[in-house]
Each structure stands twice: as structure tokens, then as C-alpha cells.
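So the sequences go chain by chain: U and A.
Quick note on numbering: the first sequence equals residues 81 to 245 in the working numbering.
Quick note on numbering: the second sequence equals residues 2 to 179 in the working numbering.
None of these hints come from the bench; they were simulated from the model.
On a predicted model such as this, the values are computed, not experimentally measured, just so you know.
Careful: at least some of the hints might be erroneous.
[To be verified] Computed list of lysine to any residue pairs in SDA-like fashion (alpha-carbon distance at most 20 Å, straight line):
# : chain 1 : residue 1 : chain 2 : residue 2
1 : U       : K187      : U       : E175
2 : A       : K108      : U       : E175
3 : U       : K176      : A       : A45
4 : A       : K108      : U       : K187
5 : A       : K108      : U       : V135
6 : U       : K176      : U       : S140
7 : U       : K176      : A       : I34
8 : A       : K96       : A       : L58
9 : U       : K176      : A       : P37
[Claimed, not checked] Just a sample of chain A residues kept apart from chain U, beta carbon distances all over 10 Å, derived:
#  : residue
10 : R62
11 : E87
12 : R130
13 : I166
Here a beta-carbon is modelled for each residue, glycine too, at the ideal position from N, C-alpha and C.
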Amino acid sequence: MTRGFASAAAAVMLVAALGWAAAATPTAAVRPAPAATKVDEQTVHEVASQLRCVVCQSLSVADSPSETANQMRAIVRERLAAGDSREQVLAYFVEKYGDWILLSPPKSGFTLLVWVVPFVALGIGLVLVAVVVRRWSRPPQGAAASQLDPAVRERIRREMTEMDK
Amino acid sequence: MRASRLRWLIPAAVVPVLALLAYGFKTDPRGEIPSPLLGRPAAAFSLTTFEGAPLTLEGLRGRVVMLNFWASWCIPACYDEAPALERTWRAYKDKGVTVVGVNIQDKEEAAREFLRRFDNSFPNAPDPRGRVSVDYGVYGVPETFFIDRNGRVRFKHVGALTDEIARRQLDSLLKEPS
């Protein structure tokens with residue numbers, strides 16, 4: 081039973097580690113762009129792809145051909161050119177539209193659940209699988225009584241050698 | 002059988018999923034997203050009206066402002082509310098209210114035709130680069146913002162405005178001390 085607890089504890093620690101990794105990504109993923117007057121179109125695209133096109137269904141500002149998205153891309157470009165960091169540009173849109181404008185829910189507050197729950201669920205699943213597999217692999221009650229007859233064992237060995245030929 | 006002890010797992014897995022589904026079906030997918038701008042200072046703007054006159058929020062300080070975003074292709078909502086906007090302007094312009102129209106995502110000629118058709122006499126200006134509409138977090142047209150005498154956004158109406166809604170909001174804002 082102690083081994084069961086040990087594997088369960090290991091699984092819980094794995095979940096905690098995954099949860100921490102999920103929570104820690106935002107700082108690592110979004111780095112401030114250096115202030116520059118010349119704006120890299122790739123950067124504009126990357127920022128725009130994190131914004132929801134307000135007049136479309138399920139499209140980012142980077143992907144939508146609509147006039148509104150075009151104007152929003154121009155605003156992103158302008159703000160980056162003025163020296164705003166990527167976060168500052170995103171924060172401007174959040175200030176005007178709320179978190180809704182972000183295609184990925186923020187990894188904080190209530191919406192942190194969206195990021196963490198799948199890993200927690202995965203961890204719980206792993207623990208359950210570990211428990212069930214242990215149960216299955218345990219020798220059944222009275223296993224000693226049904227020890228294989230040496231004669232039968234010998235016959236199985238012979239037939240398997242036969243098959244390999 | 003030991004596995005029977007794990008029988009509770011099935012409802013434990015199914016019930017939360019059903020609960021989430023039930024919640025999802027009850028919410029309106031086209032529901033209004035609350036504007037984060039309410040109670041906050043309205044974004045300054047500097048536009049030029051179709052008549053060529055400058056139009057700034059700063060210049061309207063001390064007055065209650067009813068800021069309406071519209072487009073000539075917005076059928077029928079913008080056409081439905083246009084007469085109400087003009088009636089509201091005529092009824093309230095001497096009481097300290099300015100109605101401002103901001104024409105977005107439009108062709109200039111079509112916008113002028115729209116204004117002629119409804120004989121709209123309040124200041125109207127195009128927002129050719131969409132800066133003002135993004136500053137106000139506009140999703141679509143029509144949307145109307147009520148700005149108090151101190152320049153704060155107090156109410157946002159999505160969809161065609163009616164005389165009643167305009168009257169209720171303006172009367173309440175005019176009652177407040179400036």
C-alpha cells in the first residue's frame with residue numbers, strides 16, 4: 081500500500097509542476113519589443129494575432145480582411161512605432177474592450193482556471209490509472225495454488241520454439 | 002469486486018461536464034459584453050465635421066454629450082434611430098446637451114446622403130482611420146455613449162437608440178450637479 085501512496089504522491093507533484101509551468105509561461109512568452117521607430121511587420125502580425133477581431137466570429141485581427149481589423153492593425157503598427165511594448169499595445173486594447181479582446185484568456189484571476197484545470201484533470205487521471213494498473217497487476221487471491229505444472233510449462237516452451245522456426 | 006468502489010468516478014466525471022454544458026446553453030452567445038469604459042474619463046477626440054468645422058470633446062466640456070457611432074450601410078438599426086437622434090438633439094440642445102455623430106467604416110458620399118435623407122443637423126464627423134471607434138471600444142454600429150458634464154462615460158447603448166432611452170439617460174445626467 082505504501083508504494084501506492086508513493087506513486088500517487090509523485091503524480092500529484094507532477095500536476096503541481098505542470099500547473100506552475102502553465103502559470104509561469106506568460107512572463108516568458110511575451111517579451112517587450114525594443115523601442116524603435118521602424119516597425120517590423122512580423123511584430124505587428126504577432127500582436128494582431130493575439131487580438132480578437134471585433135466584427136468577426138472567431139478570427140484574429142491578423143487574419144481578418146475586414147476594414148475594422150485593417151484599422152486595428154494600423155493602430156498596432158502606430159503604437160509600436162511610437163515605442164510602445166507589445167504588452168502596452170495589448171493593454172491599450174484591453175482597456176477599451178476588456179479581456180474579451182484577447183484571444184487567449186489572461187493567465188490570472190478566474191481565467192487562470194482555463195489554463196490549469198486541464199493539467200490538474202490530466203494529473204488526476206494519471207493517479208487513477210496508476211491506482212487501477214497496480215490493482216490489476218497484483219496477483220489474484222490464491223495465486224500460489226495455481227502454479228503452472230512443470231509439464232505444461234515445458235510444453236509451452238516447446239511449442240513456442242516450434243513457432244519460431 | 003474492488004472496481005465497484007470506483008463507481009463514483011462516472012458521475013464525478015459526467016456531472017461537471019453536464020453542469021458546464023447547462024451553463025453554456027443558458028448564456029447568450031451574442032450577449033452584450035460590458036464596456037470597461039463606464040465611469041471612466043471619455044477618450045479625447047479631435048475630428049472635422051462633414052461641414053469642415055473642428056469637433057473636439059474638449060470643446061464640449063461642461064455639456065452632456067450623446068456620442069453616436071453610425072454608418073450608412075447599417076440597415077436597419079441606424080436608419081431606425083436617425084429620426085430619434087435628431088428629435089433628441091432638437092429637444093435638448095438648449096438644455097446643455099450636444100449630440101455628436103461619428104461616422105465609421107463608411108464612404109463619404111454615402112454618409113452625406115444619409116445625413117441629407119434624415120435632415121440631421123447635429124455635428125457629424127467621419128472617423129476615417131477608426132481611431133475614435135477603437136478608443137471607445139466600439140464593436141459595431143450603432144452604439145451610443147452618454148458622457149456626463151465632467152467628461153466621464155456613464156452609459157453605453159448598443160443597437161438602435163429610442164427617444165425614451167435618450168430622454169431617460171439625458172434627464173438623469175442633467176440633474177447631476179456639474
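Over 10 Å from every CB of chain U: does A:I166 meet that, or does the non-interface label fail? holds, 23 Å
Please work out if U:K176 and A:P37 have their alpha carbons no farther apart than 20 Å. holds, 6 Å
U:K187 and U:E175: Cα distance at most 20 Å? holds, 17 Å
Taking the closest pair, is the beta carbon of A:E87 still more than 10 Å from chain U? Consistent with the label, A:E87 stays out of reach of chain U, its closest Cβ about 27 Å off (over 10 Å).
A:R62: least C-beta distance to chain U exceeds 10 Å? Check passes; 21 Å lies beyond 10 Å.
When you check the alpha-carbon spacing of A:K108 and U:V135, does it fall within 20 Å? Distance of about 18 Å is within 20 Å: holds.
What's the verdict on U:K176 and U:S140, does the C-alpha distance respect the 20 Å limit or exceed it? holds, 17 Å
Is A:K108 close enough to U:K187, meaning Cα to Cα at most 20 Å? Given that 20 Å is the threshold and the Cα spacing comes to 41 Å, the pair is violated.
When you check the alpha-carbon spacing of U:K176 and A:I34, does it fall within 20 Å? holds, 12 Å
Regarding the assertion that A:R130 does not contact chain U, is the least Cβ-Cβ distance greater than 10 Å? violated, 6 Å
Can you confirm whether the C-alpha distance between A:K108 and U:E175 stays at or below 20 Å? Roughly 29 Å separates the two Cα atoms, so the pair is violated.
Hinted pair U:K176 and A:A45, Cα distance within 20 Å: Holds: U:K176 and A:A45 sit about 13 Å apart, inside 20 Å.
Hint compliance for this structure: hints 2, 4, 12 are broken, all remaining hints hold.
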